[in-house]
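Colleague: Chains A and B, in that order, are what the protein sequence lines are.
Take the first sequence: its position 133, counted from the start at 1, is 133 in UniProt numbering, and no numbers get skipped.
Take the second sequence: its position 4, counted from the start at 1, is 4 in UniProt numbering, and no numbers get skipped.
Bear in mind the hints are in silico, worked out from the structure with no lab data behind them.
Predicted model only: the values in this text are computed from it and were never measured.
Careful: at least some of the hints might be erroneous.
One copy or two, it doesn't matter: identical chains are merged, so the pair holds either way.
Claimed, not checked - DSBU-like mimics (lysine-lysine), calculated; alpha carbons at most 35 Å apart, straight line: (1) Lys234 - Lys174; (2) Lys238 - Lys175; (3) Lys153 - Lys234; (4) Lys153 - Lys94; (5) Lys165 - Lys18; (6) Lys18 - Lys175; (7) Lys165 - Lys238; (8) Lys174 - Lys238; (9) Lys105 - Lys18; (10) Lys234 - Lys175; (11) Lys105 - Lys153; (12) Lys153 - Lys165; (13) Lys174 - Lys18.
Protein chains: 2
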Amino acid sequence: MRSHVVLFGDSITEQSFKPNGWGSALANTYTRKVDVVVRGYGGYKSRWALFLLQTLLVGYTNPPVAVTIFFGANDAALLGRTSERQHVPVEEYKENLRKIVHHFKELSPAMLVVIIIPPPIDEEGRNEYARELSERTNEVTGVYAKQCIELAKELGVYSINLWSKMQETEGWQKKFLSSQVLRNCTFFYGDGLHLTAEGNAIVHEEVVRVFSEGGLDATQLASDYPHHSEIDPKNLEKSFQERSCTAGKNSKTT
Amino acid sequence: MRSHVVLFGDSITEQSFKPNGWGSALANTYTRKVDVVVRGYGGYKSRWALFLLQTLLVGYTNPPVAVTIFFGANDAALLGRTSERQHVPVEEYKENLRKIVHHFKELSPAMLVVIIIPPPIDEEGRNEYARELSERTNEVTGVYAKQCIELAKELGVYSINLWSKMQETEGWQKKFLSSQVLRNCTFFYGDGLHLTAEGNAIVHEEVVRVFSEGGLDATQLASDYPHHSEIDPKNLEKSFQERSCTAGKNSKTT
Numbered sequence: 001m002r003s004h005v006v007l008f009g010d011s012i013t014e015q016s017f018k019p020n021g022w023g024s025a026l027a028n029t030y031t032r033k034v035d036v037v038v039r040g041y042g043g044y045k046s047r048w049a050l051f052l053l054q055t056l057l058v059g060y061t062n063p064p065v066a067v068t069i070f071f072g073a074n075d076a077a078l079l080g081r082t083s084e085r086q087h088v089p090v091e092e093y094k095e096n097l098r099k100i101v102h103h104f105k106e107l108s109p110a111m112l113v114v115i116i117i118p119p120p121i122d123e124e125g126r127n128e129y130a131r132e133l134s135e136r137t138n139e140v141t142g143v144y145a146k147q148c149i150e151l152a153k154e155l156g157v158y159s160i161n162l163w164s165k166m167q168e169t170e171g172w173q174k175k176f177l178s179s180q181v182l183r184n185c186t187f188f189y190g191d192g193l194h195l196t197a198e199g200n201a202i203v204h205e206e207v208v209r210v211f212s213e214g215g216l217d218a219t220q221l222a223s224d225y226p227h228h229s230e231i232d233p234k235n236l237e238k239s240f241q242e243r244s245c246t247a248g249k250n251s252k253t254t
Numbered sequence: 001m002r003s004h005v006v007l008f009g010d011s012i013t014e015q016s017f018k019p020n021g022w023g024s025a026l027a028n029t030y031t032r033k034v035d036v037v038v039r040g041y042g043g044y045k046s047r048w049a050l051f052l053l054q055t056l057l058v059g060y061t062n063p064p065v066a067v068t069i070f071f072g073a074n075d076a077a078l079l080g081r082t083s084e085r086q087h088v089p090v091e092e093y094k095e096n097l098r099k100i101v102h103h104f105k106e107l108s109p110a111m112l113v114v115i116i117i118p119p120p121i122d123e124e125g126r127n128e129y130a131r132e133l134s135e136r137t138n139e140v141t142g143v144y145a146k147q148c149i150e151l152a153k154e155l156g157v158y159s160i161n162l163w164s165k166m167q168e169t170e171g172w173q174k175k176f177l178s179s180q181v182l183r184n185c186t187f188f189y190g191d192g193l194h195l196t197a198e199g200n201a202i203v204h205e206e207v208v209r210v211f212s213e214g215g216l217d218a219t220q221l222a223s224d225y226p227h228h229s230e231i232d233p234k235n236l237e238k239s240f241q242e243r244s245c246t247a248g249k250n251s252k253t254t
């Protein structure tokens with residue numbers, strides 16, 4: 001039986017299957033080993049996410065082996081500006097995340113839980129997109145990020161600190177966060193908040209690293225069913241009975 | 001409960017979550033509506049695929065609402081050349097596909113079954129890859145393609161004729177099928193059999209078209225849970241009870 005991981009979050013998770021997205025890259029990394037189930041909800045904040053938990057995974061007989069929890073980009077929207085309905089006070093945000101982690105750990109104490117800290121904000125890009133005073137600032141998002149990290153430590157679960165990690169690279173603003181650009185007569189959409197291809201690549205790399213640390217290393221997991229080169233045409237029944245024999249091998253093509 | 005579709009096939013299905021792949025594009029098209037479950041097995045031919053059917057979808061409580069069945073690129077490998085262990089006689093190939101269709105229809109008579117006819121072969125690209133006489137020819141793959149189409153008609157299921165469709169475009173060989181290229185000091189892998197980004201785009205378009213004809217039109221399906229703009233902050237319980245209210249709307253971002 002193929003196990004599955006769940007990506008639970010806001011639009012940065014929902015959009016993870018767009019071209020160059022971190023979700024599809026993850027599905028490709030775990031091909032024939034683990035299914036990647038997307039549960040991304042654009043515009044959602046942690047308070048609203050709580051309402052989804054009870055019905056999120058109806059239809060699966062077993063709990064996931066891992067989950068990424070990736071909220072906060074909306075919670076950190078400022079009060080008194082255009083996106084204030086997405087705002088959640090930082091103390092409540094932390095408690096909401098705690099409830100989400102508890103929910104998954106109750107489903108299965110062995111589940112690998114990874115909190116992803118929201119990425120930084122490119123305020124210049126955000127201002128261009130909003131055409132007025134940005135409703136998110138990098139500083140405030142940093143306050144929310146800090147609560148995420150503390151919570152992960154308190155609960156003893158893994159975390160990925162995108163907010164800090166991305167800012168280590170010079171030019172992170174345009175390199176990792178999308179911006180509105182007119183290039184070769186083509187308009188590229190961007191908002192200083194969602195990820196570029198390079199930004200998506202970082203999320204993918206980090207999730208693979210943390211999953212591997214947590215025991216979910218794609219290079220060590222068994223493929224479902226034998227590799228085609230290991231199928232004995234004269235003994236098909238036997239080949240398919242010994243289906244776990246490809247553990248630790250990367251799948252080859254054609 | 002989120003329904004799901006299954007992509008069942010060989011390496012062209014397994015690789016459908018690589019960058020620009022048709023599988024991840026499909027997952028993006030059906031975001032928040034239908035899960036896309038990949039069951040692609042590089043190098044597999046229809047005879048071997050039969051051994052997977054009974055255990056392919058263990059872990060899902062309900063059958064999929066649709067399935068794509070995409071075998072034949074390996075079955076059509078020529079006898080007496082390097083890939084002959086992948087060869088399946090064309091009559092047997094047709095019967096194997098029939099068994100696969102029956103299996104899914106028995107799981108659920110309402111299931112939307114789509115047979116995808118293998119793509120054409122760029123023999124020049126294939127020869128360069130094989131470094132000897134190609135073990136697949138476009139003509140022979142065409143014979144297998146014809147059997148696919150006949151079978152789909154016999155069984156009254158949908159089909160996508162990639163073999164013909166791709167050849168309608170001038171320069172289809174290099175446009176839709178990957179080839180080995182050295183460009184800007186970078187080596188691009190290719191084998192005249194697997195798909196380029198444009199080739200993947202055609203598969204995606206065709207699957208979306210046929211799914212829509214068969215009643216699975218992403219623009220008409222309900223999202224799971226309300227769009228963020230429809231959530232009433234003063235009446236959260238009610239907002240989440242009326243979760244089917246977003247039917248027919250495309251999900252927006254953030």
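Colleague: Work down the list of hints and note, for each, if the structure agrees.
Modeller: Hint check:
For the homomeric pair Lys234 and Lys174, neither the shortest alpha-carbon distance inside one copy (57 Å) nor that between copies (37 Å) is at most 35 Å. Neither within a single protomer nor between protomers do Lys238 and Lys175 lie at most 35 Å apart by alpha-carbon distance, with minima of 51 Å and 41 Å respectively. Proximity of Lys153 and Lys234 under a CA criterion of 35 Å is satisfied inter-copy only: 33 Å between copies versus 54 Å inside one chain copy. Taking the shortest alpha-carbon separations for Lys153 and Lys94, only the intra-copy value of 12 Å comes in at or below 35 Å, while the best inter-copy value is 57 Å.
Taking CA atoms no more than 35 Å apart as the test, Lys165 paired with Lys18 passes in both settings, with 23 Å inside one copy and 25 Å between copies. Taking the shortest Cα distances, Lys18 and Lys175 sit within 35 Å of each other both inside one copy (18 Å) and across copies (22 Å). In this homomeric assembly, Lys165 and Lys238 never come within 35 Å of each other (Cα to Cα): the closest approach is 49 Å inside a single copy and 39 Å across copies. For the homomeric pair Lys174 and Lys238, neither the shortest alpha-carbon distance inside one copy (54 Å) nor that between copies (40 Å) is at most 35 Å.
For the homomeric pair Lys105 and Lys18, the shortest alpha-carbon distances inside one copy (29 Å) and between copies (31 Å) are both at most 35 Å. When the C-alpha separation of Lys234 and Lys175 is checked against a cutoff of 35 Å, the pair qualifies neither within a copy, at 54 Å, nor between copies, at 39 Å. For the homomeric pair Lys105 and Lys153, the shortest alpha-carbon distance inside one copy (15 Å) is at most 35 Å, but the shortest distance between copies (49 Å) is not. In this homomeric assembly, Lys153 and Lys165 come within 35 Å of each other (Cα to Cα) only inside a single copy, at 17 Å, whereas the closest approach across copies is 55 Å.
Taking identical chains as interchangeable, the C-alpha atoms of Lys174 and Lys18 lie at most 35 Å apart whether they share a chain (19 Å) or sit on different chains (25 Å).
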